[in-house]
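*Asks:* Keeping their order, the protein sequence lines are chains V and B.
Each residue of the first sequence is one higher than the last, beginning at 1 in this note's numbering.
Each residue of the second sequence is one higher than the last, beginning at 1 in this note's numbering.
Since the hints were made in silico from the structure, they are not lab data.
Being a predicted model, the structure only gives us computed values, none of them experimental.
Wrong hints could be hidden among the right ones.
Where chains are identical, the list cannot tell them apart; a pair therefore holds if satisfied intra-copy or between any two copies.
[To be verified] Simulated pairs of lysine-lysine, DSS-like, Cα-Cα distance not exceeding 30 Å:
#1 LYS6 x LYS236
#2 LYS230 x LYS272
#3 LYS43 x LYS272
#4 LYS236 x LYS284
#5 LYS102 x LYS230
#6 LYS236 x LYS249
#7 LYS102 x LYS6
#8 LYS284 x LYS102
#9 LYS102 x LYS236
#10 LYS272 x LYS102
#11 LYS102 x LYS249
#12 LYS43 x LYS102
#13 LYS272 x LYS236
#14 LYS6 x LYS272
#15 LYS272 x LYS249
#16 LYS284 x LYS249
#17 LYS272 x LYS284
Number of protein chains: 2
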Amino acid sequence: MSVDLKRDLAAAQARVEARLDRALHHDRGDLADAMRHAMIGGKGLRGFLVTESARLHGVAEDDAVHAACAVEALHAYSLVHDDLPCMDDDDLRRGQPTVHRKWSEAVAVLAGDALQTLCFELLAEAPNAVAMVRSMAEAAGRGGMVGGQMRDIAAETAAEPLSLEEITLLQAGKTGALLTWAASAGPRMAGADEGALLEYGQCIGLAFQIADDILDVEGDAGTVGKAVGKDEAAGKATFVSILGLDEAKRRAADIVDVAVSALSVYGEDAAKLRELAHFVISRKS
Amino acid sequence: MSVDLKRDLAAAQARVEARLDRALHHDRGDLADAMRHAMIGGKGLRGFLVTESARLHGVAEDDAVHAACAVEALHAYSLVHDDLPCMDDDDLRRGQPTVHRKWSEAVAVLAGDALQTLCFELLAEAPNAVAMVRSMAEAAGRGGMVGGQMRDIAAETAAEPLSLEEITLLQAGKTGALLTWAASAGPRMAGADEGALLEYGQCIGLAFQIADDILDVEGDAGTVGKAVGKDEAAGKATFVSILGLDEAKRRAADIVDVAVSALSVYGEDAAKLRELAHFVISRKS
């Protein structure tokens, strides 16, 4: 990742955290602390996608920040609930103890719940708010992210390992829906055509998940910031287990090429999103 | 409860369930089944409050049904998560096995999550959608329902039992916020003054909770549809433990009188809401 992209991602994450501080301004105690803990220290990828796609469509940074913070809140809620003992049972997230380890399972359930609510509270402040709420509900709910997580759970007890098509569908929900939402948030707020950025978002969503499966095999927990090697230990079908490491890497690179092509309508203006697409498959955490 | 009110509540609940069926039309499998299970068989009190306050403000039934279904979805999510082993650990709800007992804890976490998302999906279809989303986020989140649940959890490990003021504050969030939101949804959709129905909602919210504490002492599980006697067994401070049974009943009746007075601006039109206020403290389940 270039120094510039690193700086831009950090700046986007700082704006998200500042917006969060404003939202939680009056809140004290474990619930607010757990919500902050869950939202701080991330890469800020989704918030950056919102900010950058907003910039391409002339939406002011101060108007885009609500949606950027909203998608990070939604993402954070999904991680807190996903880490619960009855789900993935993870102790470590972003190099820090997970919410249920630091506080309790009850606090983790409630903090996740409150983070989802916060997402919609923030979207009500966004330009084109009704479309933003409606599209987020679609991306986050039973036909999107939660639907994908449900397929993931069902796969654990299925007699047969998943096929490539089934994994692709599962991941399109679990990881892809929110990344796609974030990438297309800019034109949505501007009331402009979302086509190119929807395609870009779908591609980087898929590439992101393939890269995640690769990291689970090649990464180490210290750098990745969460447990690795879990998929293989669980006998779980992944892009890597089906395609092999080399073919998985080749496919991810091809998909990134498609993502980059989709940006051609934006010309040089989309340089940062181009670089981000490459970063998605080269990241170490 | 009069035959008429019983019929009206059942009709409101039937409309909510029909709206739910439309929303889940394309959804198959455990997630959708668990969402349906959580939403079916309730009293439909919150949905009825939305429908009836909408009628008082000239909002058409077909326009009000989105918000009626939304508040029931939000309520259902809160029950599913509240019943989890790490929260209240309940096996029975509305006389049926709780979602985590019938499916699993993971399904209960996800079904609750998806029900919250569904709430906001439906509110995006309501008249005055942005105000509806914003007010619901306030009622449901860290400063409302979830904030009240968090206080409830904290109280369990506190050195001192809660005072009357602390219980009142806790319940204003945990139970009151959503009932108040529902009672004031009509004028909110119509863009009219919410004052009278906000006061009505706050009063019946408080009366509802006092009645719940009374049922926990006087009711039997078969009629109530969930476990009873839990508060005393847990040594939990309630309106009954602090005020005694007779004084708790007296206060609840006084609060219902205030609720009824608040309706005076609506004259005879508000007869159903008046009867509902009395029902809240006379109910057996």
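*Asks:* What label fits LYS272 with LYS236 when the C-alpha limit is 30 Å: within, between, both, or neither?
*Replies:* For LYS272 and LYS236, neither the intra-copy (34 Å) nor the inter-copy (56 Å) Cα distance is at most 30 Å.
*Asks:* How do LYS236 and LYS284 come out at 30 Å by Cα distance, when the copy is not named: within, between, both, or neither?
*Replies:* Classified as within; 22 Å inside a copy, 49 Å across copies.
*Asks:* How do LYS43 and LYS272 come out at 30 Å by Cα distance, when the copy is not named: within, between, both, or neither?
*Replies:* within (15 Å within a copy, 53 Å between copies)
*Asks:* If the cutoff is 30 Å on CA atoms, where do LYS272 and LYS284 land: within, between, both or neither? Let me know, please.
*Replies:* within (19 Å within a copy, 62 Å between copies)
*Asks:* Given identical chains, is LYS43 near LYS102, meaning Cα to Cα at most 30 Å, within a copy, between copies, both, or neither?
*Replies:* within (21 Å within a copy, 38 Å between copies)
*Asks:* Could you place LYS102 and LYS249 in one of the four classes (within, between, both, neither) given a Cα distance threshold of 30 Å?
*Replies:* neither (36 Å within a copy, 41 Å between copies)
*Asks:* At most 30 Å between C-alpha atoms: does LYS6 with LYS236 qualify within a copy, between copies, both, or neither?
*Replies:* Result: close neither inside a copy nor across copies, 33 Å intra and 51 Å inter.
*Asks:* Could you figure out if LYS230 and LYS272 sit no more than 30 Å apart (CA to CA) within one copy, between two copies, both or neither?
*Replies:* neither (33 Å within a copy, 57 Å between copies)
*Asks:* Is it within a copy, between copies, both, or neither that the alpha carbon of LYS236 lies no farther than 30 Å from that of LYS249?
*Replies:* within (19 Å within a copy, 57 Å between copies)
*Asks:* When Cα atoms must be at most 30 Å apart, do LYS284 and LYS249 count as within-copy, between-copy, both, or neither?
*Replies:* within (14 Å within a copy, 63 Å between copies)
*Asks:* Under a CA distance limit of 30 Å, which applies to LYS6 and LYS272: within one copy, between copies, both, or neither?
*Replies:* within (11 Å within a copy, 61 Å between copies)
*Asks:* Since the copies are identical, ignore which copy is meant and state whether LYS102 and LYS230 lie within 30 Å (CA to CA) inside a copy, between copies, both or neither.
*Replies:* Close inside one copy (22 Å) and across copies (28 Å); limit 30 Å.
Hints 1, 2, 10, 11 and 13 from the earlier list are contradicted by this structure; the remaining hints agree with it.
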